[in-house]
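Colleague: Listed here are the chains, written in short residue letters.
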Amino acid sequence: MSAIKKIIGPRVPENMTAEDKKLFNVPTILFGVAAILLVISIFLPYWEMELQAPQYPKGLHITAYANRLTGDVAEIDGLNHYIGMSPLDEAAQFEKSVSVLAIAALSLLILAAIFVHTKWVVLLVLPTILMPLMFLADLQFWLWKFGTNLDPTAPLSSAIKPFVPSVLGSGLIAQFKTIAMPGLGLYLAIIASIVSVVGLYFHRKAYKPLVESGQ
Amino acid sequence: MKLQKNRMSRSVTTGIVIILLIVVISIMASCNDNGGATGSESTTADTAGVSNDAMAIAEARGLTPDDIAAALKTYTPSGVHDEYIMFASGGHGGQVYVIGMPSMRIIKQIAVFTPEPWQGYGYGAEGTMEVLAGGNVGESDLTWGDTHHPALSETDGDYDGQFLFINDKANGRVAVIDLKDFETKQLVKNPIALGDHGGTFVVPDTEWVIEGGQYGAPLGWEYASLDDYNEAYRGMITFWKFDREAGRIDTDASFAIELPPYWQDLCDAGKLASDGWVFCNSFNTERATGGVEDGNPPFEAGASQNDMDFLHVIDKNKAIEVAAAGKTMDVQGFPVISLQTAIDEGLLYFVPEPKSPHGVDVTPDGKFLTISGKLDPHVSIYSFQKIQDAIAAGSFEYDDYGVPIIAFDDAVEAQVEVGLGPLHTQYDDKGYAYTSLFLEPAVARWTLGGDFSDLHEEEDWTLVTKTPVQYNVGHIAAAEGDTVSPDGRFLVSMNKWAIDRFANVGPLLPQNFQLLDIGEGGANMPVLYDLPIPDGEPHYAQIIKADKLSPWEVYPEVGWNPHTNSVDPNVVQLGEERVERNGNEVEIWMTAVRSHFTPEHVEIKQGDHVIWHITNVERAYDATHGFSIPYYNINLSIEPGEATTFEFDATEDGVFSYYCTEFCSALHLEMTGYMLIEPSE
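From first to last, the protein sequence lines stand for chains C and Y.
Going by our numbering, the first sequence opens with residue 139, and the numbers climb by one from there.
Going by our numbering, the second sequence opens with residue 57, and the numbers climb by one from there.
If we strip away everything but chain C, and leave its shape as in the complex, we get (with noise of 0.2 Å):
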């Protein structure tokens, strides 16, 4: 029971004025923000490639969502097959699959963190903090994993080296410019990021002299 109160801390005292209780509310609002701006970003898109050639006046276009890909697939894939690269689809399946439970689960630990006032709440914190760079990170880790792992005896295996995709940015594979920058979904994903470290501000402002004063 102590073990308990210790991580969760301090209930707010009931006696304190409204212009008092303004310093609690300020970290239950921004957590609950970031909550509800991760279960949005669900079902936006968080990364966008285009592909640009003499040959596709309108580009190619690939939009990764946290748990399918849409867009030109079939046509990037049927170009892929020219230099041996597996088909899009066949990335990174476990994490779409656990995607939209890891990031509703996101949003649950940071609800959870309203109601926890020592420094444990860091912890509740934290993935919401990390997700769009873990996001990003793992996005990169593919696009190097199927970069690298070229089909040898596919047509143009000759003429295109192994290469590594750049996450966000421009480059250039063949006689295609690619341009890959984050969608609405990541941006809200990163705007969670900052409120959550924000509210950390605001929940050690509120909630700090209220656990030292009760130890």
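It is worth saying that the hints were derived from the structure and are not from the lab.
Treat the numbers as computed from the prediction; the structure is a model and nothing was measured.
Below, simulated SDA-like cross-link-like pairs (lysine to any residue); rule was C-alpha separation at most 25 Å, straight line:
| hint | chain 1 | residue 1 | chain 2 | residue 2 |
| --- | --- | --- | --- | --- |
| 1 | C | Lys196 | Y | Pro612 |
| 2 | C | Lys196 | Y | Ser606 |
| 3 | C | Lys196 | Y | Trp608 |
| 4 | C | Lys196 | Y | Pro133 |
| 5 | C | Lys196 | Y | Glu139 |
| 6 | C | Lys196 | Y | Phe719 |
| 7 | C | Lys315 | Y | Phe719 |
| 8 | C | Lys315 | Y | His724 |
| 9 | C | Lys196 | Y | Ser134 |
| 10 | C | Lys196 | Y | Lys601 |
| 11 | C | Lys196 | Y | Val136 |
| 12 | C | Lys196 | Y | Phe238 |
| 13 | C | Lys299 | Y | Ala722 |
| 14 | C | Lys196 | Y | Ser721 |
| 15 | C | Lys196 | Y | Lys236 |
| 16 | C | Lys315 | Y | Asp678 |
| 17 | C | Lys196 | Y | His724 |
| 18 | Y | Lys236 | C | Ala212 |
| 19 | Y | Lys164 | C | Pro192 |
| 20 | C | Lys315 | Y | Gly135 |
| 21 | C | Lys196 | Y | Ala722 |
| 22 | C | Lys196 | Y | Arg675 |
| 23 | C | Lys315 | Y | Arg675 |
| 24 | C | Lys196 | Y | Pro607 |
| 25 | Y | Lys236 | C | Leu198 |
| 26 | C | Lys196 | Y | Glu613 |
| 27 | C | Lys299 | Y | Ser721 |
| 28 | Y | Lys297 | Y | Phe390 |
| 29 | C | Lys196 | Y | Thr132 |
| 30 | C | Lys196 | Y | Leu605 |
| 31 | C | Lys315 | Y | Ala722 |
We have chain C; now place chain Y onto it with these hints.
Modeller: Okay, now just chain Y, sitting in the frame of chain C:
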């Protein structure tokens, strides 16, 4: 202890903030990269070797200021699309041309009545073979047509860009082209007449497609001696019911009207004020039967004796009712309203028209009809209201068959002397009409009266100007010039035989389409451009605003059958390719995708019957694959998403390389496979 804790949490917070800053900065940097890339291209004006000064170029090429103006009005830079699209008949080439205007660039040829290999039309693909077979006459497999008059589908009397119809004069057939994929979907053979001419014309909402006849003959392709011409020979007009939903003519809901054996020529459907009525003119009301070899006057003289022929005025709505009521006779299983029934039910009236007319064209408001007798220098304008009044008044004369004739003076509104050999008339948005003058040859601009009076400055019903054309103009087509709202921008004069307009390419001359600028009123109507057409006499064309067309870029789903407008039951998805043998029948399910067919080996035994399905599983705009097999005369065009089937009997053994006939990718040459036919013994 406390102090330490604070320091720790502070440093954690700081660290996180730094990480986030890095992320944000790197994202912003990547966004800036994009912006930089799109704005980086620049162009420099440099006309290699020639002075930059456009006037110097013009001088070097001997261009006059008028030439320069014409060039500026027509030149369309690379990648810029035309404002109008013209659908022009390819004459006895049996096809339709798609031409951009004002650039006058030929964009496509649509295969209609004649097999065409590029489009894989008539070289094995089942859907196209069935379309062509639909146009066969009895046991005769026809491989050409004499395309005459294209008609775009209309909604409320205006082109809607959905369908195109065209007739084959030689064999009396009508084609339906779907403008979703610019492919011919249906040919229908007229069951009562071997030939036609007055088609195709649509009524304002395209419920009916009109096909008028031409040379009189016994109905139903029967035999009768020319001695019995008056009794046994007949003219006709056919009303094809168009099912817009299905995109096909419904032959079972169609009917025809028997007409006297005058040679019906061109028709037009009424619109707005005259909606519900159809007008056809005719010649050879003399009923000459020729026989110059027996000392009779030749047709050209015999058919030109009367000063007046007969404009046919047909109550279409009443005719539909009469046909629906079953008051028809059966000719080759097709319902035909007899001439007597047409007279008794008040479906048919005649108005005399100056001799040997060739065009009847309803004005945009539907209130007037312009008739040109090609042997009379006038255009005669009839008032629809006057015709209605005369019908109501009921004082008629009658022809030999008992058809009521309205007096010429009771129907005519005005006559305008336009010049020699007037043929066809189109309209603009400025109250002018344009008539082709075959003999001069020229295009005449003249003024309309009635409600059009306020649109122009000149006096009503007068000739304004003429522009000579090169040479022998037949039809003319103005931008949307036969609809309820003509655009009045451009007009194309369709001239037969170019004579000296282009380099001599031997005794058979190309045709010449001349673009005229009719955008300004008054006397100015210059020729802008000559486009040679390397095909049969073009006859008519229609010109639609390009933004009314919305064709598919690729077929809507993988496995689309363009002839059933649905996914084909024999669609082959990637991974589902297979070859199955059932006795002597071999069935192949194949996919095509850049740059291979699957399977690449097909083994057959001599004597097998082969059924071969191919699906192009591509979804890219330009990923069409061809498929050809030597010896067996198989050649297909399989557009992205399309599923197709062909069959043949493996009569000859050997090794046959099939390959993709389109340059589909860098590895196009490798897109091939072997069909091995093992000898039977």
